[in-house]
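Heads up: the protein sequence lines correspond to chains X and G, in order. Under the working numbering, the first residue of the first sequence carries the number 1, and numbering increases by one thereafter. Under the working numbering, the first residue of the second sequence carries the number 1, and numbering increases by one thereafter.
These are calculated hints, taken from the structure and not from any lab test. Quantities reported herein were computed from a predicted structural model and do not represent experimental measurements. Virtual Cβ for every residue (Gly too), placed ideally from N, Cα, C. Heads up, some of the hints might be wrong.
[As the list claims (entries may be wrong)] Chain G is faced by these chain X residues, among others (derived, beta-carbon under 10 Å): (1) Gly-170; (2) Ser-229; (3) Pro-232; (4) Glu-235; (5) Arg-238; (6) Leu-244; (7) Gly-245; (8) Asp-247; (9) Thr-298; (10) Thr-304; (11) Arg-305; (12) Asp-313; (13) Gly-317; (14) Leu-320.
[Said to hold, decoys possible] Partial list, derived from the structure: chain X residues whose beta carbon lies under 7 Å from chain G: (15) Gly-239; (16) Gln-303; (17) Tyr-306; (18) Arg-310; (19) Ile-311.
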Amino acid sequence: MQQLIQEIFLEAFSNSYLNTLQDSAVLPAQDGRLAMTTDSYVVQPLFFPGGDIGSLAVHGTINDLAMMGGNPRYLSAGFILEEGLPITTLKQVVSSMAKTAQDCGVQIVCGDTKVVDRGKGDQIFINTTGLGVIPQSVDIGPHRLTPGDRIIVSGDLGAHGMAVLSQRQGLEFSGNLRSDSAPLHTVIADLLNHHITIHCLRDLTRGGLASALNELATAGPRTMTIEESRIPIGEPVRGACEILGLDPLYVANEGRFVMFLPPEDVDKALSLLHQHAVSQEAAVIGEIGVTPSTPNQTLVTLQTRYGTHRILDLLSGEQLPRIC
Amino acid sequence: MKYVDEYRDPKAVETLSKEIHHITRHPWTIMEVCGGQTHSIVKYGLDRLLPPEVTLIHGPGCPVCVTPIELIDTACELAKLPEVILCSFGDMLRVPGTHEDLLRVKAQGGDVRIIYSPLDAVAIAQANPSSQIVIFAVGFETTAPAQAMAIIQAQRLKLQNFFVLVAHVLVPPAMEALLSSPENRIQGFLAAGHVCTIMGYEMYEPITQKYHVPLVVTGFEPVDILEGVKMVVHQLEEGCAIVENQYARSVHRCGNVEAQRIIDDVFEPASRNWRGIGSIPNSGLKLRPAFARFDALQHFHDRIHLTEATTSPSSQCESGRILQGLMKPSDCSAFGTRCTPDHPLGAPMVSSEGACAAYYRYRPESIAKI
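Work the whole structure out from these sequences, hints included.
Given below as C-alpha cells:
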C-alpha cells in the first residue's frame, strides 16, 4: 500500500502540503469566507468521450464551490478501489485527475485509499472534498432571487448524461456525443470581477435544468417561466434523447450552470460569457415571475413553441427509457 | 433534426389549428389509440389548440399499462430466483404488482437489467451461461418483430438458458372491444403510426365499415397529430368512415411484410387479459409449439408461487375506465392524491406512455386541490 501511495498518488499529485504525509494537511489562513463541499463519484464507464472519473471528480467538486462564488483552492481525494483493478487503469485515472487539478489551479492536499474485496465495489469510487474562498462582497443564493430576474443557461444541455449513457449501453448514435465536463470557476470569477450582479447560481448536474429550477423555485420561493425555443440543445443530444424517449431538460450536465441576474446586467454578462469556451452558447431562457401566493401554485412553467404552457415539474426517480 | 423539426414547426401547427376550427361544425369525440400520442398531446398542449367541440380521449395504447397484474407478479417472482437474470424495458420497472414492483425486487438484490432491444438479452444469455435469462416481452405489434428475432437468434445459437415471459398484445381486437362496448362514445380514431408501420392498415378497413367510424393512421409529432385530427373531423363532418393514412412517410397499406412474417413464425394469437379491462379474445400473442421450450411460464411453473391476492388489482384504481377512454385521469378521485408516480395505484401513473403520468407531469393543475 505504501508503495502504491508513493508511486502513483504522490508522484501525480505532488505538492508541499501533501508531500509531508502527516495525519492532516496544514493549510495557510485564507483571506475571506471559506466554502467547503464534498461529492462522491461512481460513474460507469470510468472513461467516456470528453472525460473520465478522475477529471469528473475534480470538475464536479470545484464547480460546487464556484456556484457559491468560491475560488477553489484545495481538494482532498479519497479512493475506494476494488481488488483486481488493473494498476494501469488506476494510473490513467490518477494522472487525469492530477492534470485536471493543475489546469484548474487547485491542489490535492490530502487523501486516503482503501481496497475492498472483489465484488464489493465497482472498480473505482472517488470522493473529493473541496475548499474555496469567497470574496467578501459576494452573496449568491436562492434568497436573492427577485421577480424580474433573467434566467441564463451557460450552454447546450444534456451532453454529459447522453455521452455517458450511450457509452455505458454501447448505443451507437451518429454525431459527436461528448461530455460537457468542464471547470466553471474561471468564468464565474470573470463575471464577479466585472461587477456583474449574480443573484443565484446552480450547476446543472443530476436531474438537469428542470430539477435545478424546481429546487431553486421552491427554496425562493419564486415562480419561473422559461421558453422552450430559447433553450440550447445540441443536435446529437436531441437525436439520442428522441430515440430513447428522454427529456433533455432532465439529463445531467457537468459543465453547465443556470444563473439569475437583474435585467440591466444581462447584456454585459452575456458578452463576458461568450468569451469563454465553456459558456460560448450562453442564452437567456426566461425570467422570474411573481412570488407564489398559494402553497400549491405551479413554480416552473415552460412555454412551448406553440404558445401553450406546461408545467416543468420534478421527476420522481430516474428517467427510464421507453418501450417503443 | 430532419423528419422531426418539420413536424414540430409552430407555423404549421398554427395553420392546422385554424383549419380545424374552420371545418368543425358539430361536437366530436376522437380517441388517440397510442400512449405516445397522448403524451405528445398533453406535453405540447395540442388539445388546447382545438375548438371546444372536439374532444380527444385517450386510448389503451400503452403496453405497460395493459399488462395484467399477474404477469407483473410473475416477473417479480422470477427476478427473485437466484439463478435468474430478468431483462426488461425500462418503463416496466416501476409498474406496481400486487405487493411490489421490479425496481424494488432489484433493490432487494434481484438481478433485473434494463435492455434497449430484445437482442441485448440474447447477448446477456451468451455472456452468462450459468444463469437463466428471462426477457419480459411487453409491447404491441411494434416490438413483437424484434422479440421474435431474439427468439429465433436464441434458437440458432442453441441457447439453453434463454426464456421469454410473453405479454405481447394486439391493437385491432382491443379497438373492436372498445367499439362494441355499450358505453362506447368514440366517433373517430387516430390509429397508432408505429403499430401500422409494422402491420399496415388493411385490417382496420372492415372495422371502420362495421362500426362506421373514421380512422386515420397518425404519427406522433404535433403536426402529425393535428393533421390526423383534421382528417378525422373532415370525415365526420362529411359523414364518411374510411381508413386514411396521415403517416405515409412511415406507413404503407401492407406494412412491413418481412416483420409480419417473423412475428407469425414465432407467435400465434391468443386470448389475453388486459389490466383493468379484462379478457379480450385473440388480443395477445403466445409462442407457437415449435418455440414452446422458450416459454418462461412453462419452464419455471413449479418455482413460481403467486398468492391469492395477486389476481385482484387495486380496487381504488380506475385505470380500466381511463384506458377505455371512459374517463380522464383528472376525473379520478385518487389522481395526484392517493395515486402519484412515487406511490402509484396503477400502471398509467408510471409508464412513460401512461395517460395519468402525462397529466401528472404536464398538468399538475388538474390535481384536485384539497
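Worksheet item: Does the interface hint hold: is X/Thr-298 within less than 10 Å of chain G, judged Cβ to Cβ?
Response: It holds, given that the least Cβ distance between X/Thr-298 and chain G is near 6 Å, below 10 Å.
Worksheet item: Under the criterion of a CB-CB separation shorter than 7 Å, is X/Gln-303 in contact with chain G as hinted?
Response: violated (10 Å)
Worksheet item: Should the interface hint for X/Glu-235 be scored as holding, given a Cβ-Cβ cut-off of 10 Å against chain G?
Response: With a closest approach of 6 Å, the X/Glu-235 hint holds.
Worksheet item: Against chain G, with CB atoms and a cut of 7 Å, does the hint on X/Tyr-306 hold up?
Response: Nearest chain G Cβ about 5 Å off; hint holds.
Worksheet item: Was the hint right that X/Leu-244 lines chain G, CB cutoff 10 Å?
Response: holds (8 Å)
Discussion item. Just to be careful: measuring from the Cβ of X/Gly-317 to every Cβ in chain G, is the smallest value less than 10 Å?
Written reply: holds (7 Å)
Worksheet item: At a threshold of 10 Å, is the proposed contact between X/Leu-320 and chain G supported by beta-carbon distances?
Response: holds (3 Å)
Worksheet entry | Satisfaction of the X/Gly-170 interface hint, Cβ to chain G closer than 10 Å | Since the shortest Cβ distance to chain G is 9 Å, the answer is holds.
Practice prompt. Would you check whether X/Asp-247 satisfies its interface hint, that is, whether its CB is within less than 10 Å of any CB in chain G?
Written response: With Cβ-Cβ at 9 Å, under 10 Å, it holds.
Worksheet item: Should the hint that X/Asp-313 touches chain G count as held when the rule is a Cβ pair under 10 Å?
Response: holds (6 Å)
Discussion item. Just to be careful: measuring from the Cβ of X/Gly-239 to every Cβ in chain G, is the smallest value less than 7 Å?
Written reply: Result: holds, 6 Å to nearest chain G Cβ.
Fill in: When the least beta-carbon distance from X/Arg-238 to chain G is tested against 10 Å, hint result
holds (5 Å)
Checked against the numbered hints listed earlier, the structure breaks hints 3, 16; every other hint is satisfied.
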